[in-house]
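Residue numbers (our numbering), protein chains in the order written: chain P, 1 to 62; chain F, 1 to 314.
The set of hints was computed from the structure by calculation and includes no laboratory data. Be careful, since some hints might not be right.
[To be verified] Each computed EDC-like pair below joins lysine to aspartate or glutamate, with the alpha-carbon atoms no more than 20 Å apart:
#	chain 1	residue 1	chain 2	residue 2
1	F	K220	P	E62
2	F	K249	F	D84
3	F	K274	F	D252
4	F	K274	P	E62
5	F	K274	F	D84
6	F	K61	F	E77
7	F	K116	F	D207
8	F	K117	F	D207
9	F	K280	F	D122
10	F	K310	P	E17
11	P	K6	P	E17
12	F	K117	P	E17
13	F	K249	F	E279
14	F	K116	F	D252
15	F	K220	P	E17
16	F	K280	F	D84
17	F	K280	F	D82
18	F	K306	P	E62
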Amino acid sequence: MSGFFKGLLRFRRSAWEMLATILIALGVFMLMQPFWMVAFTYSFIVTLVGTVMFIIVSHFPE
Amino acid sequence: MSASPIDRAAQATPKGLARRIRGLSDRAIAWLFVGPSIVLLLAVNIFPLIWTINLSFTNFKANRLREAKFIGLRNYERILTDTDTWNSMQATAHFLFWTIFFQVLIGFTLAYLINKKFKGNDMWTTIIVLPMMLSPAVVGNFWTFLYQPQIGLFNYVIEFFTGVDSSSFSMIGDVNLAPWSIVIVDTWMWTPFVMLICLAGLRSIPDSIYEAAECDRASKWRQFWTLTIPMALPFLMLAVLFRGIENFKMFDLVVQLTGGGPGSLTTLTSIDLKREAFEKWRTGYASAYAVILFVTVFGLASIYVKALNKVKER
């Protein structure tokens with residue numbers, strides 16, 4: 001876990017890609033879940049942030 | 001000796017033009033060939049995408065002559081607070097999850113069986129692949145007949161196996177059964193596609209690996225879990241990616257089968273989007289809807305392709 005945070009601070013690709021992946025997965029879950037309307041409302045912004053982050057961080061060094 | 005077509009073409013080229021072409025670098029010639037494809041891509045894919053994003057911030061209606069007014073994020077706000085849109089997202093999630101689950105399960109099992117050497121192997125492959133070759137509109141139409149409570153074959157088959165009266169239930173009309181009716185038809189139609197991809201994966205595994213495993217006295221069960229599954233996994237993942245993207249935009253089959261009903265129980269996002277765009281003519285709203293779906297599919301496909309590359313590297 002500490003390696004993940006160190007990676008984030010040093011702008012390492014794997015750590016940031018992991019964060020972007022978590023955001024996208026969370027956003028898609030929020031979009032399609034049947035439990036909470038508020039989660040549905042904020043799902044798009046979470047997915048969008050994750051997707052844009054994924055595109056940007058895929059150019060970071062390994 | 002007669003001149004070749006290339007020589008004849010070179011001779012026929014006007015001298016001025018020939019001099020100019022001769023002066024081009026390899027890179028320039030490469031651009032000359034790739035250029036038309038790039039222009040086409042920009043015109044057909046990139047420009048409509050940018051235009052859609054632009055329209056999503058307006059109240060544009062394609063059937064009205066009045067000028068579009070910039071309304072900021074109001075379309076997105078409306079979509080993301082609309083319970084009907086939320087319901088269609090849930091219907092899509094149900095459809096996506098179960099179709100992919102059944103298609104992968106049955107498709108892989110069929111591929112595993114077809115991969116065994118037996119008489120009539122090719123004939124069975126052809127028979128299994130048949131549903132995939134039909135048009136979705138045709139499949140939707142004839143499955144509506146199969147699902148008919150009075151005359152439909154499907155209900156009689158269920159009666160034969162379970163004893164439930166065939167006219168006592170309607171697959172398309174019942175609120176509990178309608179979401180499953182579209183899952184069954186899509187699974188019936190597209191399982192062969194998954195089977196073909198899995199078959200390609202299974203046939204790419206060399207026999208020598210199994211022979212080495214036999215020498216090490218690995219059981220069939222162990223061979224399946226430690227050799228077959230890991231080596232066929234990239235192909236399986238590819239099948240899931242293809243079917244996931246395809247089913248996210250599923251339209252024709254469901255429209256022919258249920259028309260989105262009963263109520264709006266089988267109204268998938270693509271059907272909802274089409275109604276907004278071409279029945280209610282809320283073009284700006286529909287554009288925002290399309291952008292939301294695009295970002296979702298793009299984000300999912302990105303992480304999926306990354307996972308696929310990792311599996312391939314192993």
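Inset, instruction - Just pull the numbers of the violated hints for me, sorted ascending. - result: 1, 4, 9, 12, 14, 15
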